[in-house]
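Using the hints provided, position chains X and A relative to the given structure of chain H.
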Amino acid sequence: MTKLLDAPASPARPSRPGRAGRGASGGGPTGPGRTPLSARGIATGIRNLLTSPKYGPVTVTAILFVAIFIVGGVRYRGFFSGQVFLNLLVDNSYLIVLAVGMTFVILTGGIDLSVGAVVALSGMIAASLLQTGWSPGVVIPLILVLTSVLGLLVGLMIHVFKVQPFIATLAAMFLARGLCYVISQNSISITDATFVELAVARIPLGGNLSITPSVVIALVVVAIAVWVLHATRFGRTVYAIGGGEHSGLLMGLPVARTKVLVYVISGFCSGLAGVLFTFYTLSGYPLTAIGTELDAIAAVVIGGTLLTGGYGFVLGSVLGVLVLGVIQTIITFEGTLSSWWTKIFIGALLLVFILQKVLTARRR
Amino acid sequence: MTHHTDPAAPVVEMRGISISFPGVKALDGVDFRMFPGEVHSLMGENGAGKSTLIKALTGVYLIDSGTIALAGEQVAFSGPAQAQAAGISTVYQEVNLLPNLSVAENIMLGREPRRFGAIDWRAMRRRSAELLAGLNLDIDPGSLLGDHSLAVQQLIAIARAIDVQAKVLILDEPTSSLDTDEVAELFRVIRSLKEQGVAILFVSHFLDQVYEICDRLTVLRNGKLVGEYLVEELLRIDLVQKMIGKELTTLDDLEQRARSVVVDESDAALFVNAAKLGRRGAIHPADLPIAAGEVVGLAGLLGSGRTEFARLLGGIDRADTGELTVRGKAIKLRTPRQAISHRIAFSSENRRDEGIVGDLTVRDNIVLALQADRGWFRPIPKRKQDELAQSYIQALNIRPGNPDALVRNLSGGNQQKVLLARWLAIAPRLLILDEPTRGIDIGAKAEIQKLVFTLAENGMSVLFISAELEEVLRLSHRIVVLRDRHVVADLENDGLTVDSLLALIADGSVSVEEPGEADAAAPAVTAGAAVAASATAPAPPTAPTTDETEGGRR
Amino acid sequence: MSAVIARLVASRLFWPVVMLLALFAINLIAFPGFFAVTVRDGHLFGSLIDILRNGAPTLIIAVGMTLVIATRGIDLSVGAVAAISGAVACSIILGSPEPGSLATVAVAVTVALLISLVLGVWNGFLVAVLGIQPIIATLILMTAGRGVAMLITEGQILTVNSPPFKFLGSGFWFGIPIAVIVAAVVFGAAALITRRTALGMFIESVGINPEASRQAGVRARGLLIAVYTFCAFCAAIAGLILTANTAAADANNTGLFIELDAILAVVIGGTSLAGGRYSLVGTLVGALVIQTLVTTVYTVGIPPIATMVFKAAVVTIVCLLQSPTTAEALRDFRRRLGLRAGKGVVAS
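Top to bottom, those sequences are chains H, X and A.
The working numbering puts the first residue of the first sequence at 1, with every later residue one more than the last.
The working numbering puts the first residue of the second sequence at 1, with every later residue one more than the last.
The working numbering puts the first residue of the third sequence at 1, with every later residue one more than the last.
Only chain H is shown next, with the shape it has when bound in the complex:
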């Protein structure tokens, strides 16, 4: 028995709904900004902004920072001052530099666990060399070169030998921390005149406000990083790798070079952060900055960079550092609130940001 069914004469492809925008006068089915301006339009606009993978997380962070700052201002006398804000930068300048380096790495979808140990190591190198009478003009460049080379080795291990970033940077972390102990097991204080001068120097901004040279250095690093990521081919390749390494390769982008270079940058930033940290503490101590890598990663994630790579901004990471800083400041102002709440808050924030990503992905 043979059955014949109605055979469509050609590939009939019913047009799909929701796709009418293309080619018509509608202006294209793009993200925020295409909805007409009305109360409902603004509401959807805000929703689109918050759920946009590019701008959503960083907007949330900015709102969060302002909210915490306002809460602090309402609750505590003397909180709402310019100097409290500037002190966030002063106290966290090294963390800002670390977060900048970490942003490059995480944007490519990698991770760098070694930064905390490298901060400690550069402090130890600085302290021990200055103790034997080396000039700061030699010591600081030397540290930056050494930590960049360490980053280069890590990058090569990851790219050439296909070792997972987690493990390769773990090895670097062990190495750096171990070398700290090899240099000295005790704290070495720094008495070098230049370092002491830099440590106590304040740059007045007028009206009783002041910052430290470290803040200036950190902000310069941020500015350079913003420019590199936004306006250079290297920077765009960093984003491209995070968006899809294979696609980037097929587009003919220099994936290999870029992947190695981000770890060099992170190494360099860790070295610089280590130097800034010694300006802050005026000593080298092998146990210092334990767990700082987690702070840096948390700042980057809270700042809106996806841990899987591809989305995020350096300025977001700076905002992330400031959020961590302001939480700490509030806990100090509160007095009765203990310091461990910082960690719990950070964990909760991480959860919120990761869940937001999951929910955004589900909605799309």
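Just so you know, these hints were derived from the structure itself, not from any lab.
Values in this document were obtained by computation on a predicted structure and should not be read as measured data.
Cβ atoms here follow ideal geometry from the backbone N, Cα and C, with glycine treated the same way.
Any given hint could turn out to be false.
A short, non-exhaustive set of chain X residues, derived as facing chain H with CB atoms under 10 Å [unchecked claim]:
#1 Thr58
#2 Leu62
#3 Tyr92
#4 Val95
#5 Asn96
#6 Arg160
So the derived label-pair ranges between C-beta atoms look like this [what the hints assert, rightly or not]:
#7 Ala256/H to Glu323/X: 47 to 55 Å
#8 Arg383/X to Thr325/A: 41 to 49 Å
#9 Ala348/H to Glu328/A: 40 to 48 Å
#10 Val149/H to Thr159/A: 41 to 49 Å
#11 Phe377/X to Trp173/A: 25 to 33 Å
Using the frame of chain H, we list chains X and A on its own:
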């Protein structure tokens, strides 16, 4: 026709290209050439070597032997960047763009306009806006790529490819996510590029489109060159035949048995019935009743919906319309596990990614589904596992016959037999085999075919998918033909020939003489009419009503 | 003969065991009495016993970590979970009127273990249900967990005076340290449960090819939750042993970096971080290598805290040996060697 079509020198000339992967010879001494100002199509079924050939040309794969010449000059690309620089531009099937970057960047990345060392964003937006306008694409170049539909992304990928002043433009399945208007737009662009002397490689499994836009085509089968033809000189039916090929294994014995089997078609024997089962973007709602002990063949080209339909029945993908009944009871299949508990087994065409668990032993692979069905807490005793493994190794002649060998070290045919053993071990009532004989040697193929017979004789229903029509004809009691994601025919395997199936697959016309039934169906459409109709007026899909199908069966 | 050697070398346990033996040899040269085990007061003493006892917490966590890694996952939160369980146990014992009673300690240990189950289910939920990458999902608990532990201890180091609790860490049973016995039980239980049921096969199958496993009907969701829960449970046991050893809960330092040591033990033991086939025996050898390394550094006279440099060296060497790039280079090298040796090789 134009002076471009037949100039003296080809722009691309590949000779004797061979590429091997562990265990597979993906390309075997293939010649391929393209002329400037022509649209060329590369045709072939799964595993024919189309993608491999494209990746050899674009520098993604290194070739084992052979030569590639571009505009008369010998080249050896060590990566896609070099191929691009040499003027070969590619739009891959799975759109290889970056969803996290803007449209403009996706078009210009790697050759952004720069000022004082920095990217000139304004120039970049302006240039990409021009390119998009050239494609009649009205979107904001600053918007995120990921915010756009797949079809728009595909056009953006084409914009990127056009911008490089390519000598050769490769479009790998560019139309699979486009609707009719978008296809027309794309064809307009292709024609204008052709006018400019660009050689375009257009790969598509929509035959109508190939016949509409292409000048010349090259057919590959199983990694070998079948031939190069001018489209206007090659009949559609001949093309399909060349793609599918003729398998010369004769299994006379089986053939006779096939005819003698009488399938009990009473309601009680109806094992599975799919009623208007469909899934958006995969397969239009269609009916499929399968009786116990019946072998149903699904015939159709790659991308016709044959795999997609089978996946719905196996619970691999969820159907979004229609109803599935097993022995008269309506069920919903959300996971493969549920299908297995209804004794429905689905063996994927993608042996490596969806079939074998490479680093486990033959024994573990054989017992996996059975064990999963029992749950982790009721392990199959080691002795029982060994018995099972041994019995299937013997019954299916799996080589090497060592249950402790890692499956990944077995040949393709033996891996396929291990998979069959896995599914047979759960004693399925319905066994769905998606291209079980692809890429395996003749001997193993004959063994698997024989097995299907024996199983059906013992009352098991089999849904059999194969690109080889002889195989489908030899094994099936009934054959369901799919084209462009529609079921276009459901025929008893009685007097069917390869040619009649080819005709159905190629353009929906039916050459089987069954006067009584033929009246009820749509009038046969000729090849020419189909081509003419396709570009402009898509006929609405008219699925058969349930009554018709049921009536036909009773 | 050469075939036997080739089989040995190809075994995944070959390099870890060689490494362990080399470390033993170094110890024996530096300290001839290394292998001596004496009985004092009915207890076993000696370097080997020390290695076993000090390595027990790492081994226990590494057992759980092995199963997690086999499913293509990773658990960074084990150190924090260890700290939480120690903190919970100590604060219960401190809060009880009878810190020395066996019942108090039993309650404390049980509550600590139950809490770890909750934490494990949490990790498993994030990974299996929400589909968050394991490294990210467990980072949350890694960060917040220490804060929670400090919240429980209120930032203090809780010192308890409870002989039964202390016994957990430094007691002996039939002359063998309790910690070693606990580690052996955990190891044996994990081996038994995964290899005598179908769990081990499912874990490997999901780790090797998730899609093929799904199509074969393996339910990954419940499996992943179970594996993360077991890992957290192991972490809690290790945390209790570490805390009992010093009779003090230090939320900041209990189990600090132990996640890294545990992951290292798993990797040294030949289980790939990419998931799939796992070897608990390999993990055992890996944990012993790490602990022996620490002991070796000590016996050879290098400042013990420099151990980390050696750990870095071991991680690097192991990773480079396992790297596909190295394998390819070796294959190339062998092929060229074969070509140079001429056609005589063909016969073999």
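Taking the hints in turn, this is what the structure says about them:
1. Thr58: With a minimum Cβ separation of about 8 Å from chain H (threshold 10 Å), the hint on threonine 58/X holds.
2. Leu62: Given a least distance of 14 Å, the restraint on leucine 62/X is violated.
3. Tyr92: This hint holds: tyrosine 92/X lies near chain H, its Cβ roughly 7 Å from the closest one there, short of 10 Å.
4. Val95: holds, 8 Å
5. Asn96: holds, 4 Å
6. Arg160: Hint holds; arginine 160/X Cβ to chain H Cβ min 8 Å, cut 10 Å.
7. Ala256/H to Glu323/X: 47 to 55 Å: At 53 Å between Cβs, range holds.
8. Arg383/X to Thr325/A: 41 to 49 Å: holds, 43 Å
9. Ala348/H to Glu328/A: 40 to 48 Å: Holds, at about 45 Å.
10. Val149/H to Thr159/A: 41 to 49 Å: Between valine 149/H and threonine 159/A, where Cβ atoms are some 45 Å apart, the hint holds.
11. Phe377/X to Trp173/A: 25 to 33 Å: holds, 31 Å
In summary, the structure is inconsistent with hint 2 from the numbered list given earlier, while agreeing with all the others.
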